[in-house]
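S.K.: Here's the letter readout for the chains.
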Amino acid sequence: MDYSTDMLNALVLITNYVLIPSISYGSQLALGAVGVTLVFGILRFANFAHGEMMAFGTMVTIFITWWFQSMGVYIGALPTALVALPFAILLTALLAVAIDKSVFSFYRIHKSKPVTFVVASVGVMFMLNGLVRILIGTDERIFRDGQKFLIKAGAFKKMTGLSEGLALKQTQVLTFVLAVIAVLALFWFLQRTRTGKAMRAFSDNEDLALLSGINPERVVLVTWIIAASLATLAGVLYGLDKSFKPMVYFHLLLPIFAAAIVGGIGQPLGAILGGYIVAFSEITATYAFKKFFKYLAPDNFVPDGLAQLLTTEYKFAVSFLILVLVLLVRPTGILRGRVL
Amino acid sequence: MSNKGRAVISFSIMALMIAIVGFGQSWNVALAIFNLCLISAVMSMGLNMQWGYAGLFNAGVMASTAIGGLTAVLISYSPVSKAWSVGGSSILIVIISLLLTITAGLLVWKKIPKGRKRSWIITAVVLIGYLFMRFFYEQGTSAIEAVEPAKTGFLGGLGLPILFSWLAGGVAAAGLAWLIGRIALGLRSDYFAIATLGISEIMISILKNEDWLSRGVKNVTGLKRPVPYEVELQQSEWFINMVKWFYGTSDGSSTLSSDTMREAMQLSAGVVVKLCYSVLFVAVVLIILGFATRALNSPWGRMMRAIRDNETAASAMGKDITSRHRQVFIIGSAVIGIAGAMLTTLDGQFTPGSYIPLRFTFLIWVMVIIGGSGNNLGSIIGSFITWFVWIEAEPVSIWLVSNLDFVLEETSPLMLHLQEVAPHMRMVLMGLILVLVLRFSPKGILPEKAPDHY
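Protein sequences appear in the order of chains B and X.
Just so we're aligned, residue 73 is where the first sequence starts under our numbering, counting upward by one.
Just so we're aligned, residue 144 is where the second sequence starts under our numbering, counting upward by one.
Keep in mind the hints are simulated off the structure, nothing from the lab.
Ideal Cβ positions, reconstructed from N, Cα and C, are used throughout, including at glycine.
Check before you lean on any hint, since a few could be wrong.
What the hints assert, rightly or not - Below, simulated DSS-like cross-link-like pairs (lysine-lysine); rule was C-alpha separation at most 30 Å, straight line:
| id | chain 1 | residue 1 | chain 2 | residue 2 |
| --- | --- | --- | --- | --- |
| 1 | B | Lys185 | X | Lys586 |
| 2 | B | Lys363 | X | Lys351 |
| 3 | X | Lys592 | B | Lys183 |
| 4 | B | Lys362 | B | Lys224 |
Unchecked claim - FRET-style restraints, in silico, Cβ to Cβ:
| id | chain 1 | residue 1 | chain 2 | residue 2 | range |
| --- | --- | --- | --- | --- | --- |
| 5 | B | Arg402 | X | Phe278 | 28 to 36 Å |
| 6 | B | Glu278 | X | Pro585 | 19 to 27 Å |
| 7 | X | Ala293 | B | Phe261 | 54 to 62 Å |
| 8 | X | Gln409 | B | His323 | 52 to 60 Å |
| 9 | B | Glu278 | X | Glu552 | 32 to 40 Å |
| 10 | B | Glu278 | X | Ala267 | 43 to 51 Å |
| 11 | X | Phe278 | B | Val245 | 49 to 57 Å |
| 12 | B | Arg402 | X | Asn546 | 56 to 64 Å |
| 13 | B | Trp139 | X | Ala267 | 53 to 61 Å |
| 14 | B | Gly233 | X | Ile245 | 46 to 54 Å |
| 15 | B | His323 | X | Arg582 | 41 to 49 Å |
| 16 | X | Ile245 | B | Arg402 | 54 to 62 Å |
The whole structure should be built from the sequences, with the hints applied where relevant.
M.R.: Structure follows, in structure tokens:
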């Protein structure tokens with residue numbers, strides 16, 4: 073086998089096991105992180121309940137999906153969950169607004185310390201966590217239907233004649249496409265509409281925004297709606313891509329926070345960047361590169377071990393390390409966000 | 144109402160509740176709840192030092208608990224000499240080279256001026272250190288884990304009495320807190336919370352995966368006990384006589400049948416063992432409460448509160464905020480570490496998989512907040528109430544669900560689902576209690592009391 077085939081094989085290997093998973097996982101993190109960063113920037117606290125909000129939105133989607141499926145509503149090769157998504161977003165946004173009115177608005181009126189909000193969000197986290205488990209149980213749920221693969225590993229091998237296969241799941245493409253659409257819509261909203269501009273102004277300087285007649289309650293309301301919508305979208309995409317398990321969403325909190333802080337608090341673009349950085353580092357650091365080296369390096373240089381920096385169980389450590397490094401070296405984040 | 148009155152009333156109600164469980168369910172259950180209430184009280188006193196005294200949002204309570212538990216294993220388990228002989232030296236080399244790498248890295252950081260040169264040298268030091276460690280680590284761990292993997296497969300401990308680990312657990316947790324403090328203190332509260340949450344998650348993944356240290360998810364069971372075993376009790380003369388006397392049959396003319404007698408024996412043995420633990424735990428709670436109250440009322444405590452209430456003013460008065468924070472963070476974590484070791488002692492086993500943030504971090508938060516931040520007695524009553532609700536919510540909601548049978552069929556899918564998920568009601572209940580207390584009574588059940596000499 074000549075060297076260029078080896079090169080191609082190595083490239084396909086990395087694309088299949090690192091690049092594609094990083095892009096889809098990164099998009100999911102990015103959507104979550106944008107929500108966190110908006111709440112962080114406008115309400116000025118770290119919302120510990122964000123992961124549970126994602127779980128709640130996904131759960132609602134699953135219920136509606138089941139209902140549609142029982143009525144025989146399918147949309148061809150695409151997952152039915154996509155039809156259910158708008159309804160779930162609506163419900164989750166309603167829930168977020170209700171939570172804000174009943175829990176957080178009191179502290180806003182009384183100008184409580186940020187840390188009080190965080191403690192309150194811990195209470196909300198408990199409630200949502202219990203609610204999700206009560207409604208759907210703790211079992212793993214797979215609600216993906218439609219076509220699973222766009223490119224199958226076997227077909228790819230046959231087509232190209234390479235020894236490495238490339239599999240592209242439909243959910244991975246969907247994740248990326250939907251994330252791009254959501255982010256474009258968000259940026260259009262923030263840059264072009266009055267409310268979006270008011271939100272940015274409020275995030276930059278609250279007092280000045282109030283002086284210029286911006287209605288803070290409206291800004292907060294819109295923030296929650298956007299955060300809940302993105303959380304639902306992120307949760308559903310994650311659930312479609314892997315599977316839905318209530319406990320997993322709590323553990324997504326740390327990489328999401330890391331992404332938001334890495335990108336710079338209050339900077340949606342930064343949060344997206346942060347999401348991809350965190351996802352890429354997590355997957356790269358826990359991928360076993362042995363096969364990759366086997367293709368590229370001369371035979372006697374191939375490492376004995378798996379050539380894996382960290383075992384997969386230490387994913388947390390990667391997002392945490394990134395978080396700490398950023399906080400120590402450049403606390404404003406990559407895009408110069410606010411330092412809280 | 145004065146704080147004293149509130150305290151007397153709330154503790155009496157709590158005693159009554161536990162007594163109701165004792166008479167209604169069983170004394171074994173009541174004492175099991177009581178013991179865990181006491182352990183939770185130690186944890187929440189530790190967190191209260193950090194949050195109530197100093198206003199630090201520590202979302203990594205679990206890390207201190209877990210390292211306390213690990214210490215209990217490492218102190219009490221008998222050393223596995225075979226594992227030491229095959230892999231001990233490699234592990235020692237790894238630890239030494241880790242320390243050397245860190246020292247070298249820090250030296251480079253301090254001695255060489257900032258710039259590209261420094262970055263390259265640090266990268267090189269870390270890389271060389273990593274490869275070196277990795278080599279010995281893989282050798283050592285695979286050798287250790289191959290030693291009777293079904294029974295040991297880890298280095299074991301020191302084989303000392305487990306009570307000693309309560310102190311050592313505190314020291315270990317303090318050491319870890321020092322390290323965490325070096326990294327995370329000085330950040331704003333939200334960042335600090337996120338950073339500590341992250342560290343605690345990493346700590347648990349280490350405990351789950353480093354089999355040579357703690358057997359990982361294979362768990363360490365059969366830890367030594369500081370109190371007698373039930374089986375031993377049931378065979379000892381004095382215990383049998385005591386139970387007979389208690390049931391009014393000391394003269395030998397037993398009015399009870401032998402079956403009832405055996406049951407009474409088993410019940411009493413369980414109760415006596417739990418009471419022994421209770422005595423030990425109450426002692427720890429009282430000692431820590433004594434120290435904590437004295438500290439809070441001392442000039443040191445006033446300084447801490449001053450820092451909490453106004454950092455800028457306190458630092459203008461010449462107080463070093465970060466190092467005071469570090470100090471109270473370390474002390475609080477040490478107390479939590481003691482509780483962690485106590486918990487593992489009570490369980491008799493160490494199960495890394497059981498450490499989850501909701502139970503070991505955020506539940507402790509609920510305890511401190513509803514008890515009254517800044518009030519030590521409040522933390523204790525808070526942990527009693529919270530733990531009681533946490534445990535009793537399950538039987539109560541199952542009972543409630545089973546009483547729904549007049550509307551739902553016993554075998555209907557909804558009924559089955561409800562029965563399955565009823566235990567999760569406690570999560571909702573906890574969140575609700577936390578939110579309500581925070582909203583309507585933010586000072587908690589026993590509010591923090593400003594000392595008279597203000």
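S.K.: Which earlier hints turn out false for this structure, listed by number in ascending order?
M.R.: Numbers 8, 9, 11, 15 and 16, in rising order.
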